[in-house]
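Make the full structure from the sequences, and use the hints.
Read in order, the letters of the sequence shown are residues 1 to 366 in my numbering.
Heads up, a few of these hints could be off.
Stated by the list, open to error - Straight line, CA to CA, 20 Å or less: simulated EDC-like cross-link-like pairs of lysine to aspartate or glutamate:
1) 290 - 266
2) 156 - 95
3) 327 - 80
4) 290 - 339
The set of hints was computed from the structure by calculation and includes no laboratory data.
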Amino acid sequence: MRLGVQIPVCASITSLTLVALWTKSARLTEQPRLQPQEQPILTQSGSSRSLIGRNLVLAGDSNDERFFRYFCRRLTGEFDSILTTTEIVNPVASEYHGKIRWPTMASVMTCHDRRRNISAAFVFHQGLYSIPPQPTWYLDFAHRRMHTHYPNAERKRGILPITDQARWIWPQVVLQLLPKRENILLLQSSMWDSMAVLEGVVGTRVSLMTEAHENMTVEAGAHISATNLSTWGWLSRAEDVWSALLQGFQENGLDVVARLWRTNPDCPRLVHEGSAILNPLSRLYAEAVKDAQAASAGAWLDTCIVDLRGYYVAPSPSQCDLHHFTKQGWEAYWTALSDCMQMPTDTGKGSIRFPRKFLTGPERYR
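Okay, structure coming up:
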């Protein structure tokens, strides 16, 4: 069981039932981890990888969605270069056979740069704690968003774990919406994991926090440590996603030439926006992945770290749109990607003017 640790907190916070977040048991039993491929199709790490003639497959949250829009528009020079998809039919004989539908706020997005033969896809995922055993506080968090952010399958109801999506659904997205060629995989999991913890602490949405809730986040944030990540199984869940994704791509004859993992910068910057819990967790997630990579451990041996935290350091409140990073963050994201692959230099057909509504956009977690 991955859950069950208690963060030491003062008596006043304990009286506000903060301890319950760390001690609630999972509702589902542990499932066996997927076995990794015997011979993953991967190239060596380094910036020699080029996007030209390849697909970029990005799985992430609304920060990655915003960056994907920026990426496609910068790549193609066309503002209306993005195609959205909310339904596919999965032909694979499994519990995910049949129609797969996404709500509008979690639409699949694709774009194509025909001049350089580059294609890209974005899929929204709902965090590592969607993988069983799902913590009670994650289930509460998910329940508030089931109709806005969670896909549904014709033959399966409830939360679709991202390991299942990675193995059975995302490869079909690539097969049906992108050219069949070598793929670069880019993953991250941070904000949906952190937001679930935050709402578990305060018992409500961030937008409804009171001053008392803010004080709770400060107290709890001071006690969050790597021990909590270990207890919640965060790193092993991330490895399960890599295993499932590589297995799904292999089973569908899709070549993977590189895999990348993005770190998360410190947005938001203000306590009433959740910074006291969200930012320490972003740091801990990044440290966990970097330590695993440095130790050449498991799935991280051949994973290149897109260290956005290293390029977007301590942004000011004006450089964060609540928990989202803004245009400076997208530019830093592009730069961080160049550490892991060769980014196009002669992008687009000229500069693009981004409308203000695109620069701000709707708040995705409220």
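Do the hints match the structure? See the list:
no. : hint      : verdict
1   : 290 - 266 : holds, 17 Å
2   : 156 - 95  : holds, 7 Å
3   : 327 - 80  : holds, 18 Å
4   : 290 - 339 : holds, 14 Å
Hint check: no violations occur; every hint is consistent with the structure.
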